[in-house]
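Student: Starting from the given sequences, assemble the full structure and let the hints guide the process.
Chains as they are written, first to last, in our numbering: chain A, 105 to 293; chain B, 7 to 127.
Fair warning: there could be bad hints in the mix.
Said to hold, decoys possible - Cut-off 20 Å, straight-line C-alpha distance, at most; resulting in silico cross-link-like pairs (EDC-like, lysine to aspartate or glutamate): (1) 180(A) <-> 253(A); (2) 252(A) <-> 15(B); (3) 126(B) <-> 227(A); (4) 126(B) <-> 208(A); (5) 12(B) <-> 253(A); (6) 180(A) <-> 255(A); (7) 291(A) <-> 136(A); (8) 177(A) <-> 253(A); (9) 87(B) <-> 227(A).
Think of the hints as simulated: they come from the structure by calculation, not from any bench.
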Amino acid sequence: MKPIFSARDLAVTQACVAALLFILMPILHLIDNSQYKWLSMFHGIGATLTVLLSCYMLHLIYPLLRGKVGAVKRLKLILLLVNILTLASIVTANWLYIGYRAPDGARQWFIYHHPSIHLILMEYKEFVALFPVPLGIGALWILHRFGKEMEQSSNTGISSVVAILLTLMWICLMIGFVFGLAMVKIKGV
Amino acid sequence: MMKQRKTGEILAVFISIFLGLSTLITSHIWSITNPTTANYFLLKVGSWLPGWWGIGTYAGKEMVGFIVWIVSWIIFHFIFKNIQISLVKWISIFVFSMFALMILIWPPIYHAIWGWLPTKP
Chain A
105 MKPIFSARDL AVTQACVAAL LFILMPILHL IDNSQYKWLS MFHGIGATLT
155 VLLSCYMLHL IYPLLRGKVG AVKRLKLILL LVNILTLASI VTANWLYIGY
205 RAPDGARQWF IYHHPSIHLI LMEYKEFVAL FPVPLGIGAL WILHRFGKEM
255 EQSSNTGISS VVAILLTLMW ICLMIGFVFG LAMVKIKGV
Chain B
7 MMKQRKTGEI LAVFISIFLG LSTLITSHIW SITNPTTANY FLLKVGSWLP
57 GWWGIGTYAG KEMVGFIVWI VSWIIFHFIF KNIQISLVKW ISIFVFSMFA
107 LMILIWPPIY HAIWGWLPTK P
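Tutor: Here it is in C-alpha cells:
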C-alpha cells in the first residue's frame with residue numbers, strides 16, 4: 105500500500121513542531137521580572153533561531169557532498185541567513201553583557217555564590233560563541249568563489265572544505281547555546 | 007571555458023580564521039597576565055562600540071580579533087591566490103588547530119597551564 109503521507113511532509117511537520125517549542129523557551133521569559141527581560145528575550149530568540157536554522161543548514165551539506173543540482177545555491181542562501189542571525193545574536197549578546205557585568209548583576213552573583221559557573225561556562229561561552237562568525241563567512245566566501253566549479257564537477261575536495269567549516273561552526277553555535285541555557289537555568293541576567 | 011580558481015584562496019581562509027581567533031584568545035590571556043597595559047589598550051580599541059563602557063575589555067578583544075582576521079585574510083588572499091594546495095593536508099591541520107584553540111580557551115585548561123587560582127577571570 106502507498107504511504108498515506110509523504111516522508112517529506114512528516115519531516116517538515118516534525119521540524120516545525122520542534123522549532124516552535126524551542127522558540128517558546130526564550131519567549132516564556134515574558135513572565136520573568138528582570139530589568140533586562142526584553143533584552144534577554146531578544147538574545148534568546150536570536151540565538152535559538154540561529155541554532156535552529158544552522159541545524160537545517162547542516163542538512164543541506166549532504167546534497168552538496170553528493171553533488172546534487174542546485175545544492176550550492178540553496179546552501180548559500182541559508183548560510184547567508186545563518187551568518188546574519190549569528191551577527192544579530194552577537195550584537196544582542198554584547199548588549200546583554202552590560203547587564204551581566206552591571207553592579208549586583210549575574211556576574212557578581214556567580215562570583216559570590218558559584219565562581220566556577222562564571223569561569224567554566226561564561227568565560228568559555230563568550231569566546232567560543234564568536235568562532236562561528238569567521239567560520240561562516242569564510243565558508244560563504246568559498247561557496248561564492250568556487251560555486252560554479254562545484255556545480256560543474258563534483259570530484260573536487262572543495263565541498264568537503266565547506267562541510268568541515270560548517271560543521272565546526274555548528275559545534276561552536278551549539279556550545280554557545282547549551283552553555284547559555286545552562287547559565288540561565290542557574291541565574292538569569 | 008571558465009578560468010579555474012586556485013585552492014590557495016582556501017588556505018588564506020583557513021590561516022586568517024586561525025590567526026583571528028588566536029588573537030582573540032591571546033588578547034584575553036594578555037588582559038589577565040598584564041591588566042594595566044592590556045586593559046588600557048583593549049578599552050581604547052573597543053571604545054567606538056556603543057555600550058563599550060559596560061562591555062569592558064571584551065569589546066577590545068572582539069575588535070583586535072576581528073581586525074587581525076580581516077587584514078590577514080586580505081593579505082594572504084593575494085599571496086596564495088596563484089598556488090594550488092593539498093586540501094587533505096590542510097583540512098587536517100585546520101581541524102586539529104581549531105580543536106586545539108577550543109580546548110585551550112576553556113578556563114580550567116589555561117588556569118591549569120599557568121597555575122592560576124579559580125578566582126582569576
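Student: So, for every hint listed, does it hold in this structure?
Tutor: Hint-by-hint comparison with the structure:
1. For a cut-off of 20 Å, the pair hint linking residue 180(A) to residue 253(A) stands: about 14 Å separates their Cα positions.
2. For a cut-off of 20 Å, the pair hint linking residue 252(A) to residue 15(B) stands: about 15 Å separates their Cα positions.
3. Note on residue 126(B) and residue 227(A): the hinted pairing holds, with a Cα-Cα distance of about 11 Å set against a maximum of 20 Å.
4. Taking the CA atoms of residue 126(B) and residue 208(A), the gap is about 19 Å. The hint holds against a cut of 20 Å.
5. A distance of roughly 11 Å separates the Cα atoms of residue 12(B) and residue 253(A); the hinted pair therefore holds under the 20 Å criterion.
6. With a CA separation close to 13 Å, the supplied pair residue 180(A) and residue 255(A) stays within the 20 Å bound.
7. With a C-alpha separation of about 12 Å, the suggested pair residue 291(A) and residue 136(A) falls inside the 20 Å cut-off, and the hint holds.
8. A distance of roughly 13 Å separates the Cα atoms of residue 177(A) and residue 253(A); the hinted pair therefore holds under the 20 Å criterion.
9. Distance restraint check for residue 87(B) and residue 227(A): the Cα-Cα separation of roughly 37 Å exceeds the 20 Å cut-off, and the hinted pair is therefore not satisfied.
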